[in-house]
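Engineer: One-letter residues, chain by chain:
There are 2 protein chains.
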Amino acid sequence: MVKNFEEEFNKLNLPDDLKKLNYEQCRSLCKAIRDVLIKTVSKNGGHLSSNLGTVELSLALHRVFSSPKDKLVWDVGHQSYTHKILTGRLKDFNTLRKENGLSGFCKPEESVHDAFVSGHSSNSVSAALGIAAAMKMNGDNHHAVAVIGDGAATGGLSFEGFNNAGKSNTNLIVVLNYNEMSISKNVGAIAKYLSNFRTKKSYKRTKTVVERALDNIPVLGKPIKNTLKISKDAIKNSIFRTTLFEDLGFEFVGPVDGHNLKELEDALIKAKAMNRPVVIQVNTIKGKGYAPAEENPGIYHGVSSFELKTGNPDVSKCDSFSTVFGCELARLADSDDRICAITAAMKYGTGLDKFAKKHRDRFFDVGIAEEHALTFAGGLASLGKVPVFAVYSSFLQRGYDQLIHDLAISNAHAVLGIDRAGIVGEDGITHQGIFDVSFLSTIPNVTIYSPSNYDELKACLSKSIYDDSGIVAVRYPRGNEKECCLKMDYISTDYELYENGSDVLVITYGRLFCEVSFAYNKLKNESKSIDVLKLIDLNCFDKKLIEKISSYKKIYFFEEGYYNGSVSQRLKNEVNKLIVTAIYGFVPQASVDSSLERLGLSGNQIYKRLSLEI
Amino acid sequence: MVKNFEEEFNKLNLPDDLKKLNYEQCRSLCKAIRDVLIKTVSKNGGHLSSNLGTVELSLALHRVFSSPKDKLVWDVGHQSYTHKILTGRLKDFNTLRKENGLSGFCKPEESVHDAFVSGHSSNSVSAALGIAAAMKMNGDNHHAVAVIGDGAATGGLSFEGFNNAGKSNTNLIVVLNYNEMSISKNVGAIAKYLSNFRTKKSYKRTKTVVERALDNIPVLGKPIKNTLKISKDAIKNSIFRTTLFEDLGFEFVGPVDGHNLKELEDALIKAKAMNRPVVIQVNTIKGKGYAPAEENPGIYHGVSSFELKTGNPDVSKCDSFSTVFGCELARLADSDDRICAITAAMKYGTGLDKFAKKHRDRFFDVGIAEEHALTFAGGLASLGKVPVFAVYSSFLQRGYDQLIHDLAISNAHAVLGIDRAGIVGEDGITHQGIFDVSFLSTIPNVTIYSPSNYDELKACLSKSIYDDSGIVAVRYPRGNEKECCLKMDYISTDYELYENGSDVLVITYGRLFCEVSFAYNKLKNESKSIDVLKLIDLNCFDKKLIEKISSYKKIYFFEEGYYNGSVSQRLKNEVNKLIVTAIYGFVPQASVDSSLERLGLSGNQIYKRLSLEI
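Residue numbers (my numbering), protein chains in the order written: chain A, 105 to 718; chain B, 105 to 718.
Any given hint could turn out to be false.
Heads up, the list lumps identical chains together, so a pair's fine if it works in one copy or across two of them.
[Claimed, not checked] Below are the DSBU-like pairs computed for lysine-lysine, each with C-alpha atoms no more than 35 Å apart in a straight line:
1. K173 with K366
2. K586 with K681
3. K376 with K658
4. K458 with K366
Simulated from the structure, these hints should not be mistaken for laboratory data.
Bear in mind the structure is a predicted one, so any value in this text is a computation, not a measurement.
Can you make the complete structure from the sequences, with help from the hints?
Structural biologist: Written as structure tokens, this is what we have:
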């Protein structure tokens, strides 16, 4: 059936021909698309729930608007799969999230219909406003449409966008996709606020009833009539400014049922005709149409791949750096009530769910709000708490100023658990955690640990809480620890030097240590030996160590991070003959292994490189 | 009179004794404080308007709350002078903004009454929430009070704070200081929204009238009564959620007259008793009590110093890097309608006022919202506009992720005019522009120019718009160009090499070039010669130039920026014998000249350093 659909569908002139379909055909199309989504994500991994929730919305948008003349900006972009299918990318859809394949997010270089890059949360309103403003300057009457979830709306950037857009007098439409979830369960006042409007009927009923009451004024006696005449304006003002977005200067349409195509189209047509900034609230169900996902949208938010019938996600059974971090932090907090844990909407992803369960009063999910997370941590630290913020490397980028201003300047003691450090794989270019070492190094008095296994992670976490001061970052890769042939019989938090009497030294840290171990082993089998220096504290270089390093004839540094600002770059100042392999630009999507291979950082590549020269 | 006041005042046990004063004494105190503020700022420079506006508010806060048990967090901190005086710092107030003197912002190490570091906008709600949450965990019933202006409230971080605070169930009070101004005239929907509540009386009247109308229900006939019974809830809901902050989960008190001490105290006492998150809107007049400042609060926001009688600010008469940048950009835009200018509430500070006047439709003041400014620029660029964002170096720190995600990844062409790059002087530690080169260098494909005079600034700006791609930063110091004895008869945007046959090379860029010129001249008078390499494009090093540099016997690099991630650090990789003087930590307040002297970067220090060794 899906096969037939594909053949038929590929004949269409997309997205224009979508406007010619009748509702019956649209329903079939939505069903077929859902099948494709479930089938593809079960194989390739990716975001399921959010995409199942926006099938009708994507179709409605492409039937009411004309991309690429109208510009669609998808916030985060994890809900744009249907949009991709509807704009001619069905035939490549099996390459989703694969090397050289379709991106799991929006990417202008992939299609003219992807109006703006996505991946990081909360940028859509600002980007679409920029587009709408440019259109206005050009005398172009088309629309810029931002689609943003209620989760992404908790990010400060989206507020800045809303605050500027309301008064902009542009053809900007913001579709607020309300699904009561960001990645974890949604938090904050905005979420509560919107849920008040969740039930469209009661909202409409209230409005009608009050208006009817006002219409009845003429039957009242004169004094009351006068009183109510004044109050009429007050009430009207209240009603017409009932929503936060109207307060911000937008027209407000909705809420509409996000799975009712007709209702969606009516709302979009209405909004389009207004020719000024409009917010449309669309209520959708995450995971719509796939029972396991509807029941557990959190688990199916971003999955690696899963079994189609039972819906069992492949991941989350075994330990990972994230879960070990979360468990250890929860354990330390058992006997230390100063420890507080903070996440920015990543309770599960960062493994903090254990902490949340055990220490509810000291757990803070601040929504997608990394800046707030850090400044809030500064407040906690100022009264002697020890805040631990678990955050993905690429999302910590949002908090650069808060790290400097609200923590480093006052030398506040705060711990960062930096998850997804290094190459992240299929999520691609926007999610690579390759900048954290560089940007953290530009801030005075930051300590950075990069453990390469669970035991080191635990030791570093404990040290960062009990022995260190200032900002202390413990960074670790996505996934789980790997078996290494090189291992000391003690646990260090500084560095480990594996000496075999070689005149070749290989320096590395973090995940790459296992890759270097692999190369070490392979070389050993060829009776070639190398010495290996594994860094754990990335600022561990003292004079003695520098001398030791310099004593080698050949010295290599393999680093899974952007070169400018890297550890290897700084070490090269001291050890001029250092030969560095690092990352020299943005890294596109591919599996972690393949990425490392391409970057010259896999065990295999490291072996090849070394075997040529020793 | 002021002298007498000082003697009397210094006898008080501050801030506790403030509670013992009667209103008559309070009025005198406020008057005397205003005199001190005007006198001191006229000498030392600083923020005048904002401080004159918060005299009564500061006094009311210290009479109702008990610092340091209750914690006062001042957003930005540019309005905290009265707070400083009221907490025992009058005797040092003449050292305001001086080297080793009182900071112009809040600084925990300066006083136990400064609960959190300030300087950068919009962090107060998040920081105070962290403090309030810690208090709650400690079973401490005291209050955390954030004081935030309507300007700072346009920053996304403050929204993230509000969004998390509303549901927090802590003793957090946010005093929203509404004065219709941020630094330039306030922008955005939030400002418009608040101004609706500016007139306290009409707000109160409406509320009362409607409530009275509802009380009259019993006199109505039965059907209407029933109708109105339903609507009663609807109306009540509308009224009790009338303000945006109530929508966000806060209690809302006000607006109150910010210059009426009794009214202020009543509101604060009421808020204190609520024991949950409260927003109090306080309407104040910027510059209150000093005629020139009341009339022109924008000019008196941050001044260097001014003549007391006429109120003429010392600055703004002559050219500066900022005004030259602004004029040149406006001129280029005359013949190129792709050019758009963006500021984050710094229209005057960045010199964009000329552009705003000439090209109103292409000028965007986005409020204190640097993240939005950059993502918005990405939107403009995606349709072929050339956005130019003029921003202070230290505030650009807020946009690190947007630079990566919304501009660099798609290689969007956007120009940054980075003002206040390098040492800024009296504004101190939070405002030093010493990180921009480092953090911009951690982003792929960013071009950085650092012109050292007006002609170069113009040439770099033009090149960045017409010849370059991607993100192009043109960075320049606060203040005006200085006379240099070293000068080429052409204008370069790469580098200039001044050769005198010396075997000593001194490398530098930007403002320091004049300092090096000074040293050059002084050495020349002693018949000692140096060669000088002035960088303009900070990535100008090609193989030939590296070879040329390496050919010198001694090579010095003087850099006005943080060392990690710096140009000199990277060059040292290529030229190992490079001897670097840069900045190795945060830099406290002092005049620019004195700071450079202390850092070993003044002409005099450079001369001393070189004369020892050549």
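Engineer: Please list, smallest to largest, the hint numbers that this structure does not respect.
Structural biologist: 3 and 4
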